[in-house]
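Colleague: Residue numbers (UniProt numbering), protein chains in the order written: chain A, 1 to 223; chain B, 1 to 223.
Hints in this document: simulated from the structure, not taken from any laboratory. Careful, some of the hints might be misleading.
[As the list claims (entries may be wrong)] Away from chain A, derived, C-beta distances all over 12 angstroms, residues of chain B: (1) Trp35; (2) Pro46; (3) Pro57; (4) Ser63; (5) Thr66; (6) Glu70; (7) Thr85; (8) Ile116; (9) Pro126; (10) Leu177; (11) Trp182; (12) Arg202; (13) Ala219.
[Said to hold, decoys possible] Just so you have them, the derived chain B footprint on chain A, three or more residues with Cβ under 8 angstroms: (14) 57 to 69; (15) 93 to 103; (16) 198 to 211.
Computed from a predicted structure; not experimentally measured. From the three backbone atoms N, C-alpha and C, an ideal C-beta is built for every residue, glycine too.
Here's the letter readout for the chains.
Protein chains: 2
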Amino acid sequence: MMLLFHQFVSPGSRKIRLMLKEKNLEFDLQIEKTWERRPEFLALNPAGEVPVLLFEPGGHPISDATAIAEFIEESFPDRPLLGQTALERAEIRRLIGWFDVKFNREVTQNLVDEKITKRLTGIGTPNSQAIKAGYANIHYHLDYIAYLSDRRSYLAGADFSLADVTAAAHLSCVDYLGDVPWDQHPGAKEWYARVKSRPSFRPLLADHIPGMPPPRHYADLDF
Amino acid sequence: MMLLFHQFVSPGSRKIRLMLKEKNLEFDLQIEKTWERRPEFLALNPAGEVPVLLFEPGGHPISDATAIAEFIEESFPDRPLLGQTALERAEIRRLIGWFDVKFNREVTQNLVDEKITKRLTGIGTPNSQAIKAGYANIHYHLDYIAYLSDRRSYLAGADFSLADVTAAAHLSCVDYLGDVPWDQHPGAKEWYARVKSRPSFRPLLADHIPGMPPPRHYADLDF
Chain A
1 MMLLFHQFVS
11 PGSRKIRLML
21 KEKNLEFDLQ
31 IEKTWERRPE
41 FLALNPAGEV
51 PVLLFEPGGH
61 PISDATAIAE
71 FIEESFPDRP
81 LLGQTALERA
91 EIRRLIGWFD
101 VKFNREVTQN
111 LVDEKITKRL
121 TGIGTPNSQA
131 IKAGYANIHY
141 HLDYIAYLSD
151 RRSYLAGADF
161 SLADVTAAAH
171 LSCVDYLGDV
181 PWDQHPGAKE
191 WYARVKSRPS
201 FRPLLADHIP
211 GMPPPRHYAD
221 LDF
Chain B
1 MMLLFHQFVS
11 PGSRKIRLML
21 KEKNLEFDLQ
31 IEKTWERRPE
41 FLALNPAGEV
51 PVLLFEPGGH
61 PISDATAIAE
71 FIEESFPDRP
81 LLGQTALERA
91 EIRRLIGWFD
101 VKFNREVTQN
111 LVDEKITKRL
121 TGIGTPNSQA
131 IKAGYANIHY
141 HLDYIAYLSD
151 RRSYLAGADF
161 SLADVTAAAH
171 LSCVDYLGDV
181 PWDQHPGAKE
191 WYARVKSRPS
201 FRPLLADHIP
211 GMPPPRHYAD
221 LDF
């Protein structure tokens, strides 16, 4: 059985959980408190970050969400999530980069890292300027999601892909905080409702950080 | 002829330039001052960032360094830079992530963005705390390069790969500032000397930002 080391509000971990479920693959989950820097975990991934996938017990660990996602797609090509042609894959990967780099820098780090990670690790205090920037920046990204899904059905084209998975992985972390202004962005909300209602998404909706419960609408498919 | 929109000290741009040369592909270069937010460029890449590759004049633009690199590898599989097996590719992509995410956050942003980008764009003033952090963080990464190249010859294995390209793309930007303490890291220096002497690297050594010349050793193969 595969084993995924993860954290609840880590977008990279959520990406891999969603992807494995979309591929109908069985796996076990283990929460890794990376800030404790457990030597056994550092031996698996010297970067000290989740996600890490152990493809088989005692096997070679695979680290880095992008590397894991590409490895899964290559190893399990059924139910493709990366398109059929080189150009389709380029568009999907462009949007993966959009969310993993740009959205991450402009929104996820400013909200999730400031409000949750700093509290969990006990390192630093939330920076109110960063949080303010996160609130301001998210609108532009929700507009872009509405723009894309209106023209293409899903973000990168007619089919659900790793671009949708990646965007939803980030947004669901922000949504755990109740910080996504869905009501002001009906187009993005319509897209998210479709993604959220996929069976692969269900386990994420049961995530619960002790002492930091999500808002009620977080797990509600009719939010 | 392919056209690459780039900037001199953009690690993503340098990655694609190196990769195209390693594949013996012909291309034209055009510097894009992304901070001017030229509408024609934003139409090619709404993220407003380099690199962007126009595969053919008027053709579909490909944006995001990772997406471009994967597209080139798929379209031109000769002289492979991403390994042969899924596990080899996973290791190469893990190290690409190491440099594009971790090294970028801990070193490149603290040194290159603070010292060069802020001056070029005229936005903000260099943050001395960030620069100090960049100087401190680079040692650990140079140690890791020495550790890997000592055991494997190249960073991800026996062969030169996109992991070496990515690491060298970042380090060469920092080296343009003269901020790589090579003399304290002979193992990393030995690896870099091998990469720097590849024919694909030569055009990067001629890069010259007006008013911000590189130190003399930057272009010297015997540095």
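Colleague: For every hint, state whether the structure bears it out.
Modeller: Verification of the supplied hints:
At roughly 15 angstroms from the closest C-beta of chain A, the C-beta of Trp35 (chain B) stays outside 12 angstroms, upholding its exclusion from the interface. For Pro46 (chain B), the condition that its CB be more than 12 angstroms from all CB atoms of chain A is violated, with the nearest at approximately 7 angstroms. Under the 12 angstroms C-beta cut-off, the non-interface status given to Pro57 (chain B) relative to chain A holds; the minimum distance is some 16 angstroms. Interface exclusion of Ser63 (chain B) from chain A breaks down, the closest Cβ pair being 5 angstroms apart, not more than 12 angstroms.
Once the 12 angstroms rule is applied to beta carbons, Thr66 (chain B) is inconsistent with being away from chain A; the minimum gap is 6 angstroms. Not every beta carbon of chain A lies more than 12 angstroms from that of Glu70 (chain B), the smallest distance being close to 6 angstroms; the non-interface claim is violated. Once the 12 angstroms rule is applied to beta carbons, Thr85 (chain B) is inconsistent with being away from chain A; the minimum gap is 9 angstroms. For Ile116 (chain B), the requirement that its beta carbon stay farther than 12 angstroms from each beta carbon of chain A is met, with the minimum near 18 angstroms.
The beta carbon of Pro126 (chain B) sits about 19 angstroms from the closest Cβ of chain A, which is more than 12 angstroms, so the claim that it is off the interface holds. No Cβ of chain A comes within 12 angstroms of the Cβ of Leu177 (chain B); the nearest lies about 22 angstroms off, and the non-interface call holds. With a minimum CB-CB distance of about 22 angstroms to chain A, Trp182 (chain B) clears the 12 angstroms threshold, and the non-interface call stands. Taking the minimum C-beta to C-beta distance to chain A, about 28 angstroms, the non-interface status of Arg202 (chain B) holds against the 12 angstroms cut.
Chain A leaves Ala219 (chain B) outside its interface by the beta-carbon criterion, the shortest separation being 30 angstroms against a cut-off of 12 angstroms. With 8 residues bearing a CB less than 8 angstroms from a CB of chain B, the stretch 57 to 69 of chain A meets the requirement of three and the coverage assertion stands. Given a C-beta distance limit of less than 8 angstroms, the hint that chain B covers the stretch 93 to 103 of chain A holds, as 7 residues qualify and 3 suffice. Under the rule that three or more residues need a Cβ within less than 8 angstroms of chain B, the assignment of the stretch 198 to 211 of chain A is violated, with 0 such residues.
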